[in-house]
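Chains X and C, in that order, are what the protein sequence lines are. Positions 1 to 265 (the numbering used here) are the ones given, in order, by the first sequence. Positions 266 to 560 (the numbering used here) are the ones given, in order, by the second sequence.
No lab work stands behind these hints: they were computed from the structure. Backbone N, C-alpha and C define an ideal beta-carbon position, used for all residues, glycine too. Treat the hints with caution; some may be incorrect.
Partner residues aside, some chain C positions facing chain X, computed with beta carbon under 7 Å [what the hints assert, rightly or not]:
#1 R407
#2 N408
#3 P424
#4 F425
#5 G507
#6 Y522
#7 L524
#8 E525
#9 T526
Cβ-to-Cβ under 7 Å is the rule here; a few derived chain X residues that face chain C [unchecked claim]:
#10 S82
#11 A83
#12 S86
#13 E122
#14 Q154
#15 Q156
#16 V177
#17 T178
#18 L179
#19 G193
Derived DEER-like restraints, expressed as beta-carbon distance ranges [claimed, not checked]:
#20 P155(X) / A315(C): 35 to 43 Å
#21 S41(X) / W330(C): 47 to 55 Å
#22 F410(C) / T59(X): 29 to 37 Å
#23 L477(C) / S168(X): 57 to 65 Å
#24 Y414(C) / G71(X): 49 to 57 Å
#25 F410(C) / Q63(X): 35 to 43 Å
#26 A404(C) / P131(X): 17 to 25 Å
#27 R234(X) / S542(C): 42 to 50 Å
#28 A254(X) / V395(C): 30 to 38 Å
#29 T136(X) / A322(C): 52 to 60 Å
#30 R234(X) / I421(C): 47 to 55 Å
#31 G420(C) / P155(X): 24 to 32 Å
#32 H338(C) / P93(X): 34 to 42 Å
#33 G71(X) / L388(C): 39 to 47 Å
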Amino acid sequence: MRRIALVTLAGLLGLGLAACGSDSGSGTGTAAASSASTSPSISGDLTVLAAASLTESFTTLGQQFEAAHPGVTVTFGFAASSALVSQITSGAPADVFASASTKNMDTVVAAGAAADPTVFAENTMEIAVPPSNPGTVTGLDSLASSAVTTALCQPQVPCGAAAEKVFSNAGVTVKPVTLEPDVKSVLSKVQLGEVDAGVVYVTDVLAAGDKVVGVEIPADVNASTSYPIAALTRSSNAAAAAAFVDYVLSPAGATVLTAAGFQQP
Amino acid sequence: MTAPPVDRVPRRPPSSSTLSRRERERRATGGGARRSAPAALLVPAVVAIAFLVIPLAGLLLRAPWGDAWTILHGSQAGEALKLSLWTSTVATAISLVVGVPLAWLLARTEFPGLRLVRALVTLPLVLPPVVGGVALLLAFGRNGFLGQYLDQWFGITIPFSPAAVVMAETFVAMPFLVVTVEGALRSADRGFEEAAATLGAPRMVVFRRVTLPLVAPSLVAGAVLCWARALGEFGATITFAGSFPGRTQTMPIAVYYALETDPDAAILLSLVLLLVSVVVLVALRDRWLRGGAVG
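Bound-form chain C, shown alone (with noise of 0.2 Å):
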């Protein structure tokens, strides 16, 4: 996962409100009329597109529909969907609080190490969250280098607790928020900016007048990406929250489990899963699904 391809155009060309959507792609795929594709690439397209859907296919046509709700009511599912929601949405606003400041101070100061800080902060993207799980065991577990002193001086121990499944998640989501944010600050125009400091108004004023709703949409973007992530977090989780229904067992645990026990569960709870990702998806329609205009 790399930084979201930055717009250098600004968003909305004046004219594009009077555009048709059909027009407006018209224009951005470069205005001609579209030529059959080269063999040589449409093959391994449609190869692409084939394993990509192929997969999603198979839950759909092995779905045990007629027992859907009998199934689902009888397995944890409630229990681990209502833990997912309010974890990762717990996680996404923490990750707001303090990672839309982290994106401004990326994207707007100067400081020695500047670099080094960005790469420590995105190294989540990358890092396998399993190895994140290890490391936050080690930092906030009960003999952790942080975590013991939790349990001496204040008696609390975080690990197996709905607060580790929160953090586990805001660990691995957080990045996807900061990377979008700090993308869309980088490409807003500095002029509004300038012109409201100029007319005598204080930072903070600025960043919560102007700076936040210049970038509102990659702000929502980012929020949604997060909280999508949070959602679908698995290794980390089970590493540094274990596994215990309605406690730290969340939708993606279940449905790991289920697929020993129970596999027509798994794949109902795969199917939620799902739905839910797609709901995602559609509410961020405009970014993805018009192509290009991540931001």
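The shape of chain X in the complex, shown without the other chains (with noise of 0.2 Å):
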């Protein structure tokens, strides 16, 4: 008897494998089928990483995408865009990508992974503070007082390069108390309460409505970062990809991303 449970055991354990594996192949399969058709209307599960500042802009560029290709799917991984360089180069299965920096998008071209990236928008700094300000955050200068608790990206993450920029330009030294993987982890810490202060994007703070109060970093110190975008030369679905490419380049894709808070390049 315990022998016959040992055995259906080991049999489901290997069912599960096998559904694992089959998983992966029905991809591939419906990818053959998909790129082998001739039909021009494109169909299929689009899967778009894109930095995390692009979440709410691109949300809403991919139901409108859906709404005009009915039959494609579009799916989104949002994350600092350094995080998506490394699943990109280590094989991550996804059609197109989304830098918030050019340079995190030319180490994904360097390794193969993309060509010929557009700047689809440019974004600026700002600082995002609680809308009870409890550090009285006036400007860049009140960062730089220890009294001030501030949370910035990681310096590897576009948005946190680009506040070490806006310092520099600045002249002002600012110790953070942590540096979050993300734009939006800085944003959720500022919108917690937890600290005073983060250093986000203009977009970053329109997006988070009431939830944050903006200050404003003068125009002449600070950081403006570039957004690429490129279809992956691994796509399963080329043809969505490059459409979907098109549809974000197009008027339609500047109207929303110029309602977000994005500047056109």
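Starting from two chains that each stand alone, build the complex the way the hints lay out.
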């Protein structure tokens, strides 16, 4: 009896493994079918990896794109551009990459995972503080005070690199209490009131609504970052990937991005 | 992670000291000559071995051995390792001071809601650590329901400090110690304690002089397990304590970030943690590698 139970268990484990295998198998099957299809209409699944700061605008763009192309399902992976780069170069299955800095896109291009990226937006930095402004932050100089707790992005994340550039432009030294994995983590630490200030993108302050208050950084010391987008060479749905890139670059895409606070390149 | 199996038989049969380890193992596995395994069991077992060993081989194969010293020296590995070692040691110490009495309470007393208390305190064993981090933030954060008073009354803010690292690690790791020690207390021979009590020893003396020595092996195992879990803590730490080199960036967090900037450093940092884990396993070899007799 016990022996039978064990064999059954082993069989179930085997089934589990087989199921895992067939999962990825069906993925490539669909891919082969869609790329072999000669019909101009696009369909299938599309996976877009995008910088965390694009969360709101790309979600909107994805819904519009799906409405314009019935049969296409867009799935987003939002994270720090630097984290996405290591995912892509490690072979994560994805079709499009939108980065918050050209540097991270260059790494992907150098690895042969993408070609001919196009810059579709620019963004600048802003200080986000909780609505009550517990640290009475009035500008960049406030962040230099040791009494003000500040959250920044990791230096390899575009928002962290841009924040460093702002500080060096303004000649202030800021000692952050934490270096967060991506810009949305910085924003959530501000929203929770756990820090007095965070340096994020203008678009993040806008997207957070009344949960945070923005303190402007003067234009002459502000840093901007460019957002390039490219279809990935290993895409299993190249037609849909190209169509999505075109859509982001189209006037309709520009409208959504501008409404979210991005500038056109 | 469930409670370690509790051995009902006395841990060391009187004759065990006179038997060789091989002989003991032979008896433990049922005595008879080992028969060859049926293919239906052997094949999945080999798949399991391969699955568990191949990733470790990947680390060893890709390691940049030649530049190891310069990379480890150049990165923030030293700071992160130092922080990880001392915070997990403090977390283990705290767990011992409050976790052992808790294990005793759960094993040796009866009170209404005992089962609920046991469920609640072992919950972090199964709770995703990042959820623990969010919970800690909402309780002890600057706007947390306790943390706001710490801030207003004493000017203490816990998040983003090494204290937050210790708290996150203790939250996640202490249940491992509690569960291990509780299991040992339940299976320990009560006769000695009763004899000591009959001879007039106060209860605290019985606890210190009889109970604790009786469960000492499990206490050590539980403490090492707790320490290893604290050392590997990631989710609760990054959520509650954030990440800042030298202050709250522990080894696992350093590995995570190094993978984005300097994969070679990430591999080497992982190997350092692997080495520490191997040392822990060797330290516990009598308990884990012998098979079955975890207590």
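- request: So, A83(X) near chain C? Judge it on the closest CB pair being under 7 Å.
  value: 6 Å, holds
query: Can we keep the G507(C) interface hint, with Cβ of chain X closer than 7 Å?
result: Hint holds; G507(C) Cβ to chain X Cβ min 3 Å, cut 7 Å.
- request: Would you check whether N408(C) satisfies its interface hint, that is, whether its CB is within less than 7 Å of any CB in chain X?
  value: Holds, because the Cβ-Cβ distance from N408(C) to chain X comes to roughly 4 Å (cut-off 7 Å).
Supplied contact hint for S86(X), tested at 7 Å Cβ to chain C: 5 Å, holds
message: Quick check: does the Cβ-Cβ distance between G420(C) and P155(X) fall within 24 to 32 Å?
response: For G420(C) and P155(X) the Cβ distance comes to about 30 Å; the hint holds.
field: When the least beta-carbon distance from T526(C) to chain X is tested against 7 Å, hint result
entry: 5 Å, holds
message: Assuming the hint says 47 to 55 Å, is it satisfied by the Cβ distance from S41(X) to W330(C) or not?
response: 53 Å, holds
task: Take the C-beta atom of A254(X) and the C-beta atom of V395(C), compute their distance, and say whether it sits inside 30 to 38 Å.
output: 37 Å, holds
query: Quick one, is the V177(X) hint okay against chain C at 7 Å, beta carbons?
result: 4 Å, holds
task: Classify the hint on G193(X) as holds or violated, based on whether any CB of chain C lies nearer than 7 Å to its CB.
output: Holds - the Cβ of G193(X) comes within 7 Å of chain C, reaching about 4 Å at its closest.
field: Hint check, T178(X) versus chain C [nearest Cβ-Cβ separation less than 7 Å]
entry: Constraint on T178(X) satisfied, holds at 3 Å.
message: Can you verify the interface hint for P424(C): is its Cβ closer than 7 Å to any Cβ in chain X?
response: Status holds, d = 5 Å.
Checked against the numbered hints given earlier, this structure breaks hints 13 and 27; the rest are met.
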